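Chains as they are written, first to last, in our numbering: chain A, 1 to 338; chain B, 339 to 657; chain C, 658 to 1090.
Treat the hints with care, since some could be wrong.
[Said to hold, decoys possible] Across the chosen pairs, the derived CB separations fall in these ranges:
1. A:227 with B:502: 56 to 62 Å
2. C:815 with B:425: 28 to 34 Å
3. A:171 with B:448: 55 to 61 Å
4. C:935 with A:308: 52 to 58 Å
5. B:583 with A:308: 23 to 29 Å
6. C:989 with A:99: 54 to 60 Å
7. A:98 with C:862: 32 to 38 Å
8. A:27 with B:529: 48 to 54 Å
9. A:98 with C:728: 22 to 28 Å
10. A:159 with B:370: 24 to 30 Å
11. A:197 with C:728: 41 to 47 Å
These are calculated hints, taken from the structure and not from any lab test.
Keep in mind it's a predicted model, so treat the numbers as computed, not measured.
Cβ coordinates follow ideal geometry from the N, Cα and C atoms, glycine included.
This is what each chain is made of:
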Amino acid sequence: MNATTINAPRTSFMRKLAWDPLIWLILGIVILGSLTSPYYLTLQNFDTLMRSMAVIGLLALGVTVVLLTGRIDLSVAAIMIFSVILAVVLTNAVGEALGLRWLVKGSTFVGSSWIFVALTILIGGLAGLVNGIGVAWLKVSSFIMTLVMLTALRGGNFILSSGRPYYLQTPAIDWIGTATIFGVPFSFWVFLAVLVFLAWLIGATTFGRRIYAVGGNEKAAAYAGLKTDRYVLIAFVISGLCSAIAGVIFTARLRSVDAPLASGYELTAIAIAVIGGTALSGGIGSPWRTLLGAMAFAGGLNLLSIWGIGTWYQNLAVGLALLVAVGLSPASRQKIRL
Amino acid sequence: MIRQKLTQKVLDLPKTDLARVGVLIALLLLGAVLSPGYLSVGNMRIILLSVAGIGIVAYGMTLVVISGEIDLSVAGIAVLSGMVGAALLPSGSAVLVISATLATGICVGFINGILTSVIGIPSLITTLAMLGIARSLANILSGGQAAYPDAMPEYLWFGSGTLFGLATPIALLLIIGLCTIVLTQYSAFGRALYATGGNSRAAVLSGIPVKAVKITVFMISGFLAAMMGMLESARLSYINPAAFAGVELEVLAVTVLGGAALAGGSGSILGTLVAALIIGVVNNLLNQLGVSIYVQQVVTALVILAVVLPGLRSRIFAK
Amino acid sequence: MKLTRRTMLGGTAASALATLTAPNFAWADSHGGMASIHTHINTLIAQYAGTAGDMPNASVKALYDRDGFRDYLEIYPTGELVDGFVWEPGMGAEFEGPYSKLAIKAPFTDYIPLAEGEVLNPDKTYRIGFVFHGFNHPWLVSLADTVAWEAARHPNIELEVIDAEFDDNRMGQVIDTWITKQFDGILLWPSREAPMGPPVDRAIQAGIPVVSLDRRTSSSSISSEVLGNFYANGLQQGLYLKEVATGGNMVLNRKDLGSTADSIRTGAFLEVIGHEAGFEVAGNYHTNSQRSMAFDATADALQASDSFDISFNTGGEEALGALGAIQEADRMESGDSGKIIILANDDAKEILAKIKAGEIDMVAPYTPLIGDIGLRALVGHIGAVEGMNEAPPKLILTPNLPMVTREKMTIEGIETLTPDEWPYAYGPVVSEA
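Isolated chain A (complex conformation) (with noise of 0.2 Å):
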């Protein structure tokens, strides 16, 4: 039932965009802050915003993905820093076996950032793997099982680095920390892509009108044939993929990785992705409408920031735009499977 209004109006794309109250509430961040501060309409603090973005972002993306199918995913931070850390040990363990020494100084990676960041994805993909074998196959309700990979991947990520930092320094993962392409930081461009192949993936293919059919309603998506399970699974391999992406770009900017780091994250992700209307009982929302969230929740907290405005009535704005963006949202307001 969903599916439809979703993908139906495309042609009016724009006429609808300029209807949107998030595209309003970004417009007066901006306005609101380059009238009130000399900092804020400059590169540094642009700079600043994309780079904060694109990390929350990711994660919003892979938890929108989920959304859609009416799953949650809790797990997407502990993920993030999960596949990085083990990817050092296993990239580590790679460079013994070819009598090379990548762990400098106790902890210090200098390694093959190839290898580290191609294991990096893969065990993302794979942790989201779990999840979905364990939500589509074994029926384990998504919120327990997202959140028990939570809990036994932070206390993994303790055991693997003995709570010890890693520090990352070969010169590519320097240069993906830091990096920019004509002026915006190479870990937008890379948020960016990632955004373009979902919106893709989710708003022009079978595959994505599928996943809507899913989440809108999955009995009838069975009866009409779909293996719906294996929707599921994808979308949860597809936010752990999403997550290691952000893990990388995430600890290059620290050139480190620290296992008790982006605790609480995965809360975050899930406000930005319903910020942007993604509905909680599935079908509703998009990629795109994942960016405004991410651009409305990256952009406020950045001007409170500029103002001075401390931690604690930053998070009390992010609690009260988190209930009326949902308030105001009657698509969002439905009775929701967890």
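Using the hints, position chains B and C against chain A.
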């Protein structure tokens, strides 16, 4: 008459609850084998004390989950109500401090209930937002600073006093457990609650005030969250606005381990109590064996997964 | 400008704050040839570090090697104080904490001194950011108190204080925002070392001086680090234990694995007691500075073993949790030598009250009242950027403080102080209910 009814009810206990009790007993026996003195009164007391707070909140969570909703705001409620009470500490009136603490919990629960059932915002979002809002209000109210109720023995009693010869937290765990069991199993409200969570539309059609039921369970959950906050703060004589980080997920884990389905309509207080004890026994045992908390985290996660896996459940608990 | 500052940073550590420092001849004279407590403890540190390789105690050595303590201890700086400062009990200013509203006596207000009134260019307002985590923690709020107190003494300093709520990434973003807003200087309390290096490097690259307090960052270009005396803490815990006992079963309540506080204190403690064969590591928990976790772990450890003689705690909160559990189990007197020996760090008023009551046996003070040193050093760096003075040295060690015990003792040349002789305790006065 009443006794007969009670015996009947006990016999009617969901078989899964009995199976959980079996798991609990098995774990205790394992403890006794691995560690001498494990079954001593002293150790039982330690285990009960360590789960009392979580267990009390989990009762409230169980009610919310039975009604088909979820409450992620419990940690926020616990700190906000704690700081409201802390702000009144200078008054020196224990009655004022304790009642303000508990009333704040009820009020926030009421707001959760209204936003969820009247305005129609999904409870996951309502209470997620409320978690952030209550936490930041607690910080703003207290200037982010902890308070010390050390000069108020009535307050401290909740953490370190005794009631009916038991440590207060343990006594409260049992008394509140008994009350909520009566509420869910032997009252009209209980039947309305299960009906609300089982099939909301049918419940409405049969005249059950679904909205009022949901608001009530959120208020109870808020009350119990405030109670837990007070109990833990009193135990440490330290009211901390940054406390209880992530406790909502622990409580949910206990609730689900206790057999409540997040879809609503099922779950039992007794199951939740047993689940809290299982978690307490596992952690206590691992601590005694010197296993690091990081490994404990992984083990706890796996225990929960093993219990809730539907396939395994039918094998372990179905009979 | 940048170049000069860099050159200065690379210069000798002894470079003085020429325009800022007024040497205090009164105490300098009175200490003619006698070694200060700071120097004496450094001598002991060097002595025990030198013999760490051959510990006869297998149980202690196993843990010492397993957690790689030597790697951490080797790189932790120890050394002399800036400008030959000598600290003596009794020094320092008294004031009310701007945040906690508690009475504070800060020990080091004469260290790298700075006169009250306008700093540097009196016509300019200097915007300084202080980012840390945790207004709720008595130790951390006291740290913030000393920063805000020092800032308030200078009308042309505008201080912005942000609580990053234990999110390293958020702390990085706060620093990035301050770079955008072209702040004049940044002061930070980094919770963990690794993730705070890059944002600090970015600030330094933007020409903004940065000073870290207490814990370290992974940045090598940071302007100054005000370091605590973790090494002296763990060492004195070991010295005390070696003095009062020859052996026994120990349960360790440690901080987060990998944190400086854990690796240096626990490591130094083990370095000392590893030389006695009688000590046995019976329990090793990471209770992460949380009273409730230390309570639970100790309660479980008491249950697991009838012979529990020593409770070693890397922090004050842990010691209070352990004490609570021991009292609740009614086991205070069940140790090998009678009372269970409880060793603590962090000189909170609550801990000192327990020392006085004979419940906790010793505490190695670890004072949070060092924020003022950081702010003064930062002003020195801002002055250096503006070419008004030389930059302070990169490493600013804080004086090693002697341990506090119930009765006065002399242990390996360290004269301990009694709780009444220690006016610097921080945090609220907590009475026994």
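Going through the hints against the structure:
The hinted range of 56 to 62 Å is satisfied by residue 227 of chain A and residue 502 of chain B, whose Cβ atoms lie roughly 58 Å apart. For the hinted restraint 28 to 34 Å between residue 815 of chain C and residue 425 of chain B, the CB-CB distance of approximately 30 Å keeps it satisfied. Take residue 171 of chain A and residue 448 of chain B: their Cβ atoms lie about 58 Å apart, and the range 55 to 61 Å holds. Our hint of 52 to 58 Å for residue 935 of chain C and residue 308 of chain A holds, since their Cβ atoms are close to 57 Å apart.
Between residue 583 of chain B and residue 308 of chain A the Cβ separation comes to about 26 Å, which falls inside the hinted range of 23 to 29 Å. Range check, residue 989 of chain C to residue 99 of chain A: about 57 Å between beta-carbon atoms, so the 54 to 60 Å window is met. The hinted range of 32 to 38 Å is satisfied by residue 98 of chain A and residue 862 of chain C, whose Cβ atoms lie roughly 36 Å apart. For residue 27 of chain A and residue 529 of chain B, the Cβ-Cβ distance of about 52 Å falls inside the hinted range of 48 to 54 Å, so the restraint holds.
Look at residue 98 of chain A against residue 728 of chain C: about 25 Å separates their beta carbons, and that is inside 22 to 28 Å. For residue 159 of chain A and residue 370 of chain B, the Cβ-Cβ distance of about 28 Å falls inside the hinted range of 24 to 30 Å, so the restraint holds. Distance hint check for residue 197 of chain A and residue 728 of chain C: the Cβ-Cβ separation is about 44 Å, which falls inside the suggested range of 41 to 47 Å.
The earlier numbered hints are all upheld by this structure, with none contradicted.
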